[in-house]
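Given these sequences and hints, build the entire structure.
In my numbering, the protein residues as written are 5 to 122.
Since the hints were made in silico from the structure, they are not lab data. Ideal placement from N, C-alpha and C gives every residue a C-beta, glycine not left out. Careful, some of the hints might be misleading.
[Said to hold, decoys possible] Okay, the calculated beta carbon distance ranges per label pair:
| id | residue 1 | residue 2 | range |
| --- | --- | --- | --- |
| 1 | E106 | G16 | 15 to 25 Å |
| 2 | L31 | A92 | 30 to 40 Å |
| 3 | G27 | Q95 | 38 to 48 Å |
[Stated by the list, open to error] Below, a list of computed lysine-lysine pairs in the BS3-like style, where the Cα atoms sit at most 25 Å apart:
| id | residue 1 | residue 2 |
| --- | --- | --- |
| 4 | K24 | K49 |
| 5 | K62 | K15 |
| 6 | K62 | K94 |
| 7 | K49 | K62 |
| 8 | K62 | K44 |
| 9 | K44 | K24 |
| 10 | K49 | K15 |
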Amino acid sequence: AEWVVIGGEGKGGIAVSLGKAPGSAQLPERLATGSLIEQKDLQGKLLRYVLLAGIGPKRGWVCVDEVTALAERGGGWFTKKGESSSAAQKQAEEETWTQLQERNVQVFNMTSFSMVDR
Numbered sequence: 005a006e007w008v009v010i011g012g013e014g015k016g017g018i019a020v021s022l023g024k025a026p027g028s029a030q031l032p033e034r035l036a037t038g039s040l041i042e043q044k045d046l047q048g049k050l051l052r053y054v055l056l057a058g059i060g061p062k063r064g065w066v067c068v069d070e071v072t073a074l075a076e077r078g079g080g081w082f083t084k085k086g087e088s089s090s091a092a093q094k095q096a097e098e099e100t101w102t103q104l105q106e107r108n109v110q111v112f113n114m115t116s117f118s119m120v121d122r
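Here you go:
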C-alpha cells in the first residue's frame with residue numbers, strides 16, 4: 005500500500021526511527037510532508053516504509069498517525085482505463101483528497117509527471 009506523509013508541517017517533516025522497538029534511535033533527517041512511501045510492514049501504529057517520492061530517509065519506521073493511505077489498489081486513483089470505482093472507493097478517495105487539501109499537501113502524478121489538481 006502507498007501512503008502520503010501528512011504530518012510534520014512546520015517541523016521539517018516527521019520523525020523516522022531505525023527500528024520498531026521503543027527507544028529505537030531516530031534518524032537525524034526527517035521525512036518531508038507530502039512524501040509518498042510504500043508500506044513494507046505494519047505493526048500496531050508503526051509502519052516500515054520505503055521512500056517512493058519526496059525528501060527524507062530512504063527507509064525506516066514512522067507512526068501511522070502522521071501518514072494517510074493514498075488509496076486501495078484497484079480503485080480510486082489506481083483505477084485502470086475502462087474500470088469503475090465503487091461508491092465506497094469514490095467516498096474514500098474524496099475523504100483522502102479533503103485530508104490532503106486541509107494540510108496543503110501537493111500530489112504528484114508519476115505517470116504524467118505533473119501535479120494533480122482537483
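Can you list which hints this structure breaks, lowest number first? 6
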